[in-house]
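A.B. asks: Each chain is listed here by its residues.
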Amino acid sequence: MRWRRILLSRFFIVPAVLLLGTGAWNVYVDLHAHGLLEGRVVDPAGKPVAGATVILSVHDFVTQVEKARTRTDSAGRFRFDDNPSHLIQLQAQDGTEASPRVTIRLWFRGQDRVVQEPLRLAPSA
Amino acid sequence: MRKLWWRHAALIVISVIMLAPFYWLLKTAITSENIYEYPPHLLPVRPQLFNFVDVWYLIPFPRYLFNSIVVSLIAVAGNLVLNAMAGFALTLPFVGRRSVIVLLLSCTLIPFQATIIPAYLITAHLGLLNSYLGLALPLLSTIVCIFIFKASFDAVPRSLIDAARIDGLGEMRILLRVMLPLSTPAIATNIVLSFIWSWNNFLWPLIITRSQDMQTLPLGLARFLSYMEDTTDALYAFVVMVLAPGLLVFLMAQSAFMRGLTTGATKG
Chain U
0 MRWRRILLSR FFIVPAVLLL GTGAWNVYVD LHAHGLLEGR VVDPAGKPVA GATVILSVHD
60 FVTQVEKART RTDSAGRFRF DDNPSHLIQL QAQDGTEASP RVTIRLWFRG QDRVVQEPLR
120 LAPSA
Chain D
0 MRKLWWRHAA LIVISVIMLA PFYWLLKTAI TSENIYEYPP HLLPVRPQLF NFVDVWYLIP
60 FPRYLFNSIV VSLIAVAGNL VLNAMAGFAL TLPFVGRRSV IVLLLSCTLI PFQATIIPAY
120 LITAHLGLLN SYLGLALPLL STIVCIFIFK ASFDAVPRSL IDAARIDGLG EMRILLRVML
180 PLSTPAIATN IVLSFIWSWN NFLWPLIITR SQDMQTLPLG LARFLSYMED TTDALYAFVV
240 MVLAPGLLVF LMAQSAFMRG LTTGATKG
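So the sequence lines, in the order shown, correspond to chains U and D.
The numbering of the first sequence is numbering that gives the first Met the number 0, which starts it at 0 and goes up by one.
The numbering of the second sequence is numbering that gives the first Met the number 0, which starts it at 0 and goes up by one.
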């Protein structure tokens, strides 16, 4: 009876719910933090661009450091396997054309993400 | 009835005024609005929680959080044990009891800043600088909380204590088996006050910590403020994250806390 009262009190339930939530979140993070980042690069007309260079920069309040580069395949797709951060910027370049820098915010470091909006190349100014 | 309505309306207005800064804090934390924007938005525009993620990763927040939790737990445990014993001792008759009470009460008039150098020297002599126990040391026992326990113990009927003595219980067992179970509001008040004081303590950790690994959340907040001065949204997210545990503890123990503060107020 005494244990039942303790188990039903808010002093037990609130910390227990917090611990359970934290545990579940950590499991989710562990299962989805491989650093995979995928997307597409298109030209101003919306056609996929093969062989474009995509630059991944890690961004924080003070600095922005380039971490990786990759090239798009024949379908204009790119993929990074080792994104280390939760706050990144992507930019595509192809010859004289470049896309604007796109900031991507993730819920945790290395979160797997498919970028839905393609990086759209435009003539550099 | 009409009079009561006005009273409630006045209380609601006062509550809104008092809660407005907290609302603004939360609103700024979940948006990326410029707080100097005019006219300001009353409701959050495009709310998001990424500022909290930034704070978690861009500074050693988990380390600060862990340090604050450890120090607060030590302070709460110390307060419960030492204050309960001191409060119980002050309810017992002994020579000079009145003088001790007067001395303790007069000590509450001395600000902590005035005693900080001797406190530092004592902590240094004990070899506790830059340690969790050292961080919690000045808050291991607080006079206000001793008197909260004393008031609560004074409200316990004397006949109950006499009956326990006749049954052969020693003083420590009377405290543990009779006094404390009847003083849960005082225990809750002690937990809330010592937790919040320890959680918000800034000056003492600033003085006795030597490494960043031992810093607590208030120090982390000051460091964050000096390091990233133009990131108001993340700063406010940090403030919310510092405030949240204290608020949670207070809300959980709120009713017992109020009872604890008023125990003994109507005695006699």
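Everything labelled a hint here was simulated from the structure, so no lab data went into it.
Don't take every hint at face value.
Short, incomplete list of chain D residues facing chain U, as computed with Cβ under 8 angstroms [what the hints assert, rightly or not]:
(1) V52
(2) Y56
(3) L57
(4) F60
(5) L64
(6) D232
(7) A233
Across the chosen pairs, the derived CB separations fall in these ranges [unchecked claim]:
(8) L205(D) to V28(U): 28 to 36 angstroms
(9) L125(D) to V64(U): 40 to 48 angstroms
(10) D81(U) to Q253(D): 45 to 53 angstroms
(11) F10(U) to L202(D): 24 to 32 angstroms
(12) Q115(U) to S31(D): 16 to 24 angstroms
(13) L17(U) to R97(D): 39 to 47 angstroms
(14) P14(U) to P46(D): 25 to 33 angstroms
(15) V16(U) to L202(D): 28 to 36 angstroms
(16) L246(D) to W2(U): 22 to 30 angstroms
(17) V13(U) to G126(D): 34 to 42 angstroms
(18) A19(D) to E65(U): 38 to 46 angstroms
(19) V28(U) to F111(D): 39 to 47 angstroms
(20) A49(U) to L246(D): 24 to 32 angstroms
(21) I12(U) to A19(D): 27 to 35 angstroms
Every residue, glycine too, gets a C-beta built ideally from N, C-alpha and C.
A.B. asks: Please go over all the hints and tell whether each is borne out by the structure.
C.D. replies: For each hint, the structure was consulted:
1. V52: holds, 6 angstroms
2. Y56: holds, 6 angstroms
3. L57: holds, 5 angstroms
4. F60: This hint is violated: F60(D) lies away from chain U, its Cβ roughly 13 angstroms from the closest one there, beyond 8 angstroms.
5. L64: Not OK, violated: L64(D) not within 8 angstroms of chain U, min 12 angstroms.
6. D232: violated, 10 angstroms
7. A233: holds, 7 angstroms
8. L205(D) to V28(U): 28 to 36 angstroms: About 33 angstroms separates the Cβ atoms of L205(D) and V28(U), which means 28 to 36 angstroms holds.
9. L125(D) to V64(U): 40 to 48 angstroms: With a Cβ separation near 44 angstroms, L125(D) and V64(U) satisfy 40 to 48 angstroms, so the hint holds.
10. D81(U) to Q253(D): 45 to 53 angstroms: Given range 45 to 53 angstroms: holds, Cβ gap about 48 angstroms.
11. F10(U) to L202(D): 24 to 32 angstroms: Given about 30 angstroms between the Cβ atoms, the range holds.
12. Q115(U) to S31(D): 16 to 24 angstroms: For S31(D) against Q115(U), whose Cβ atoms are near 21 angstroms apart, the range 16 to 24 angstroms holds.
13. L17(U) to R97(D): 39 to 47 angstroms: Because 46 angstroms falls inside the window, the suggested range holds.
14. P14(U) to P46(D): 25 to 33 angstroms: holds, 27 angstroms
15. V16(U) to L202(D): 28 to 36 angstroms: Holds: the Cβ-Cβ distance is about 34 angstroms, inside 28 to 36 angstroms.
16. L246(D) to W2(U): 22 to 30 angstroms: holds, 28 angstroms
17. V13(U) to G126(D): 34 to 42 angstroms: holds, 37 angstroms
18. A19(D) to E65(U): 38 to 46 angstroms: Given a distance of about 44 angstroms, which is inside 38 to 46 angstroms, the answer is holds.
19. V28(U) to F111(D): 39 to 47 angstroms: holds, 41 angstroms
20. A49(U) to L246(D): 24 to 32 angstroms: At 54 angstroms between Cβs, range violated.
21. I12(U) to A19(D): 27 to 35 angstroms: holds, 31 angstroms
Hints 4, 5, 6, 20, counting from the list given before, are not met by this structure.
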